[in-house]
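Peer 1: Listed below, chain by chain, are the residues.
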Amino acid sequence: MNWTRQRERGSTAGLRLMAWIVTRLGFRVGYALLYPIAAYFFLSSSVQRAAIRRFQRRALGREPALRDVFRPFFVFSATLLDRLFLLDGRRRGYQLQVVGLDLLNERIARGEGCILLGAHLGSFDAMRAVADTGCPVEVVALMHQNNAVNAAAFFAQWGPRQAAATIPLGQPDAMLKAKECLERGGLVGILADRTPGTGKVMRVPFLGAPATFPLGPHILAGVLGAPVMIAFGVWTGPRRYEVHFQPFADRIAFGRRDRQAALEAVTRDYAARIERIARAFPDNWFNFYDFWEEMDAR
Amino acid sequence: MGYNAATRPGGRLILSTVMATEAEVAALIVEALHLEVTPAEIDPEAPLFGDGLGLDSIDALEIALAVSRRYGFQLRSDDEHNGQIFASLRNLAAHIEKNRAR
Numbered sequence: 001m002n003w004t005r006q007r008e009r010g011s012t013a014g015l016r017l018m019a020w021i022v023t024r025l026g027f028r029v030g031y032a033l034l035y036p037i038a039a040y041f042f043l044s045s046s047v048q049r050a051a052i053r054r055f056q057r058r059a060l061g062r063e064p065a066l067r068d069v070f071r072p073f074f075v076f077s078a079t080l081l082d083r084l085f086l087l088d089g090r091r092r093g094y095q096l097q098v099v100g101l102d103l104l105n106e107r108i109a110r111g112e113g114c115i116l117l118g119a120h121l122g123s124f125d126a127m128r129a130v131a132d133t134g135c136p137v138e139v140v141a142l143m144h145q146n147n148a149v150n151a152a153a154f155f156a157q158w159g160p161r162q163a164a165a166t167i168p169l170g171q172p173d174a175m176l177k178a179k180e181c182l183e184r185g186g187l188v189g190i191l192a193d194r195t196p197g198t199g200k201v202m203r204v205p206f207l208g209a210p211a212t213f214p215l216g217p218h219i220l221a222g223v224l225g226a227p228v229m230i231a232f233g234v235w236t237g238p239r240r241y242e243v244h245f246q247p248f249a250d251r252i253a254f255g256r257r258d259r260q261a262a263l264e265a266v267t268r269d270y271a272a273r274i275e276r277i278a279r280a281f282p283d284n285w286f287n288f289y290d291f292w293e294e295m296d297a298r
Numbered sequence: 001m002g003y004n005a006a007t008r009p010g011g012r013l014i015l016s017t018v019m020a021t022e023a024e025v026a027a028l029i030v031e032a033l034h035l036e037v038t039p040a041e042i043d044p045e046a047p048l049f050g051d052g053l054g055l056d057s058i059d060a061l062e063i064a065l066a067v068s069r070r071y072g073f074q075l076r077s078d079d080e081h082n083g084q085i086f087a088s089l090r091n092l093a094a095h096i097e098k099n100r101a102r
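Here the protein sequences line up with chains A and B, keeping their order.
Residues 1 to 298 in my numbering are what the first sequence spells out, letter by letter.
Residues 1 to 102 in my numbering are what the second sequence spells out, letter by letter.
Excised from the complex, chain B in its bound form (with noise of 0.2 Å):
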């Protein structure tokens, strides 16, 4: 994993977690995705879809793929949150952080 838990304070640990699965999230993206940009010039919070970062449903797929490859949990269609979950690197970030299995 990309962060050390035992030398942050308590309080920040939540947030340097989710900061540290979006970096990792972003980088999993440029990978599966083989996009032209690095990881860390995915904007957090800019649309990955449509007018932000201009992906499609196949990289949706894609990016599905790899989530469940390496978090071991799967994103579902029937998902009430996909709007949300997919809206941003944060968000799809968030979601990992709380559904992965491993």
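If we strip away everything but chain A, and leave its shape as in the complex, we get (with noise of 0.2 Å):
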């Protein structure tokens, strides 16, 4: 079953008790409450237990334990927490440890804009947290809207300004945005992990096994020739996030004989950078479907 598929988990009643607790109680509050959130979707998600049992025996390579597959579920629900307070500007007692920041500036610097590639693996608000603390060009988001639509209105109404940074996928006019935001020297963010359900498509190996990974972001990063870095946010404990830069390509070309060859070798070449940091990173693994499209055919 693609991700589009699964239905949206928790209604936004829960998210906006969440934001009145963190409101009125603080950080405190809220984290502890995470347990007991944490663990209502953990026991109420077999689909999702299952797709992260799936992955958990990938990346650990053992049959996981029933902590190490509520993990996910606690981390994400931490991720979630602190959304509100980052999206609010809240930074007070965070701490966001910035690997590789230099190398994103030189890239800055040079007025290329560039592309930075993620994945649904930590927090994409620690890296935008990061992104506003004096990035000097403009930094926007292509954005799958068609999952989760309650859960990104509530936040789009939290965060506004975030939110308006935020390109929708899904508009003819989507890449073009992208293109002048690239062509004014801006950043790009793009998680390249999960399609839409239809399109541009590969299947590549990812921890030993095929999964399908969408094309449109390196064709995006081939057709401009744009400066490719991965990126991610990893959650490492509470209020505690590492982002990473990382050089991925300095540009993707491909001629109209090989495109579909340099197509296939880019996106090898990110499955294989994402599958390093899933297994570095798995607790923060927040793919919580059948990645591997498996799970219908059993």
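The set of hints was computed from the structure by calculation and includes no laboratory data.
Note that beta-carbon positions come from the ideal geometry of N, C-alpha and C, so glycine has one too.
Heads up, some of the hints might be wrong.
[Stated by the list, open to error] Interface residues of chain B toward chain A, partial, derived using beta-carbon atoms under 10 Å:
#	residue
1	44
2	48
3	49
4	54
Both chains are sitting in their own frames, so use the hints and assemble them into the complex.
Peer 2: Written out as structure tokens, the structure is:
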């Protein structure tokens, strides 16, 4: 089952309650409440549990214990709690350790724009919080909007400025907007691990078995000749994040004839890189769905 | 260009120009996107995106780049008429005809 067809878990009532709690009662109470909240989602989401189990068997190389399977549910809830603070600009008490910022700054200084490829691994808000601390150029994020619409609407209200820096995928001019941002020397963030279910995709090896990855982000980089870096922000403890910027490709070049082969090479590279990061930070893997498309065909 | 203006009576010139541009843009789209249809098979009034030809925003980007190379002007995301421009081959060709620099 593709993630776009998986029902959105939880309602905005839960998010509203959490927002009320953190506004009135602060981080510590919010954090303590993460245990029952994560436990609720853990216990009531059997499909998601099974999906995480499959990921962990491959990433950990052993049969995961129950507490292993619980961890991503907890860490994901923690990043949602932090999103409420970070979107609101309440950075006090947070420690964002940044690795590889020099490389990104070099790119920015060259004024040629840069594509930041991420994955549903860790916190997008931690990355954005780093960008907000004095990034001299425009930062936008290309986002699928067809899943979790209620949550998206809620967070758009909570952080209108960040929502405004989001380009919804699905409109014909989404990639034109990305192109124009790059031409202005800006940064374009894209999560390149989920496919919208149709369109330009490729199956490449990921943690030992083929999984489907989108080609769109790499085509964007290729046709524009834009440099690409890998970016992700992982949760490492309460209000602790490690935000990484890593080199990926100076320029993805493909001609008309070798286009498919070049796209396959770069998609394999991306999957291999995400594989390494997922093994290093398995608790931050937030693809709570049938990533290898194997659960329907038992 | 795909037509000879001198042989056309004045009144039909604009219409034939639009149709010639339509055929030319259809060919440009097929070539730029490596589509497996012939240019003549693209219904000029069918939606290019979604249900019709089924193009996506990556295709729109590639069309925009091809248009800028061939016709010397940029399709831009801040054009408020984008919904209309990208709605069909006919609309796109008309927009190109109006804005082309070459």
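Peer 1: Provide an ascending list of the numbers of those earlier hints which the structure does not satisfy.
Peer 2: 1
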